[in-house]
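Going down the list, the protein sequences come from chains A and B.
Going by our numbering, the first sequence opens with residue 1, and the numbers climb by one from there.
Going by our numbering, the second sequence opens with residue 1, and the numbers climb by one from there.
In case anyone wonders, no lab produced these hints; they're calculated from the structure.
Among the clues, some could well be false.
[As the list claims (entries may be wrong)] Derived PhoX-like pairs: lysine-lysine, alpha-carbon spacing no greater than 25 Å straight-line:
no., chain 1, residue 1, chain 2, residue 2
1, B, K42, A, K152
2, B, K78, A, K152
3, B, K105, B, K42
4, B, K78, A, K87
5, B, K189, A, K3
6, B, K78, B, K190
7, A, K152, B, K190
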Amino acid sequence: MWKWLHPYANPEVSYHFTGRLLPWFSALAAILLSVGLVWALLFAPADYQQGDSFRIFYIHVPAASLSMGIYFGMAIAALCSLVWQLKLADASAAAMAPVGAVFTAIALLTGSAWGKPMWGTWWIWDARLTSELILLFLYLGVIALHSAFEDKNLAGKAAGILTLVGSINLPIIKYSVEWWNTLHQGSTVSKLGKPSMSLEMLWPFLFCFLGFAMLVAVIVCYRFRNEILARNSIRPWVRDLVSAQANHK
Amino acid sequence: MTTNTELTESSKAALAPTDTLNMTDTQHNNLSYRDAFFLVLKRDITIALRHRDDIINPLLFFVIVVTLFPLGIGPEAKTLSRIAPGIIWVAALLATLLSLDRLFKSDYGDGSLEQMLLSPHPVFLLVLAKIVAHWLITGLPLIFIAPLLAVLLHLNEQSYGALIFTLLLGTPVLSLLGAVGVALTVGIKKGGVLLSLLVLPLYIPVLIFATSAIDTASIGLPYSGQLAIIAALFFGSLTLAPFAVGAALKVSTN
């Protein structure tokens with residue numbers, strides 16, 4: 001497996017590899033999202049209790065689960081970079097952090113937009129909302145630490161350590177927040193819970209979820225390629241690439 | 001003039017652990033892990049005692065922040081006693097945060113931190129000694145002052161035990177987790193604000209369990225469960241945080 005993997009530690013190889021992946025990811029994202037969103041927003045049946053306003057679910061839930069998934073991916077990349085000293089793992093973690101932060105923010109915003117008609121308030125100190133907010137803080141901390149260092153290699157290592165510390169802490173925070181909420185206040189708003197979905201609702205959701213996941217893949221690939229170019233800007237292959245592109249025009 | 005003498009004093013004290021570098025190999029073995037630990041601990045406490053402001057200022061900050069709350073919220077005893085645990089703990093978090101800066105900053109500035117990392121002793125041990133010293137200097141005084149502030153805030157009498165126990169178990173966690181943040185930001189020029197952004201989210205579990213232990217105690221229920229969780233956080237961070245601090249210091253000193 002190592003023999004199969006090790007060429008990708010070379011920035012040039014993985015630059016071209018992600019370049020080949022990009023069109024596939026983009027096409028899949030475009031198809032899945034356009035089908036999924038149209039299906040979800042126009043044709044899927046309305047919820048019998050929440051009416052049409054539940055449709056934000058098709059954006060909210062993918063964003064929320066992807067926000068955690070991206071953090072998990074960052075933690076894996078950080079571990080790889082610390083253990084095997086892979087510089088590209090740093091680059092991929094740096095590429096993922098802002099995307100994750102934006103998805104966390106989307107989850108929070110759509111959540112509060114959903115909460116207003118459903119619960120009658122923009123914000124409640126519900127356990128899930130709170131832990132999502134803290135996740136946003138962790139993301140912002142990683143991004144801020146990353147940008148505070150001038151040397152990108154040091155920045156990647158420092159942010160990696162913080163990501164790992166955060167990934168140990170995140171489950172603790174999540175459970176403590178859940179515990180705190182159940183202890184401090186009775187459930188003033190009964191959590192909606194996952195409605196046992198009917199199939200007509202589940203299919204568009206799956207399309208949307210995969211579509212957003214592919215969208216993340218596209219954005220992360222773009223950012224990753226940019227990171228590679230920025231970090232290797234003195235290398236001959238980058239110069240060749242740039243001059244070839246200039247000649248092409 | 002004063003700064004000059006202070007500098008030489010601190011660098012003299014800094015020499016203590018790095019003396020080992022000049023020893024021969026056999027003498028290395030003479031300095032046991034325990035000796036190395038206590039050398040660093042003693043050195044840090046000595047330096048701190050020579051800069052008393054560093055000890056007193058966070059304490060003053062703690063007291064002033066707590067006094068601001070009654071002024072802002074109103075003097076009713078009932079409200080105050082309801083929010084007292086939260087206020088005391090949030091103020092303790094902020095005071096710890098304020099004092100974290102001196103954990104590695106001056107050592108980083110005069111180069112003794114790098115010497116420590118180069119010494120033959122495990123970084124884990126030296127870092128742990130520094131954190132213990134930090135807690136003795138900043139965490140312990142908070143615990144002595146907290147009951148006084150609890151009186152000012154009309155904390156329920158049953159809760160005093162819980163307040164002391166949670167502070168006793170919780171403030172070391174604050175020092176340990178905070179050390180990770182400081183170690184990451186020590187090389188950055190304006191690390192202060194960044195430090196709070198990194199560290200405060202990590203403090204949330206301690207805050208939650210500590211205040212809920214005090215709340216539970218105030219209605220006369222057993223709070224050993226919360227204490228057990230804080231103890232678990234303490235031991236978890238005691239074993240893991242020094243590794244993270246060591247790794248972070250190696251990044252920061254490059």
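Structure-based check of all given hints:
no. : hint            : result
1   : B:K42 x A:K152  : violated, 37 Å
2   : B:K78 x A:K152  : violated, 53 Å
3   : B:K105 x B:K42  : holds, 18 Å
4   : B:K78 x A:K87   : violated, 57 Å
5   : B:K189 x A:K3   : violated, 42 Å
6   : B:K78 x B:K190  : violated, 42 Å
7   : A:K152 x B:K190 : holds, 17 Å
Hints 1, 2, 4, 5, 6 from the list above are not met by this structure, while the remaining hints are.
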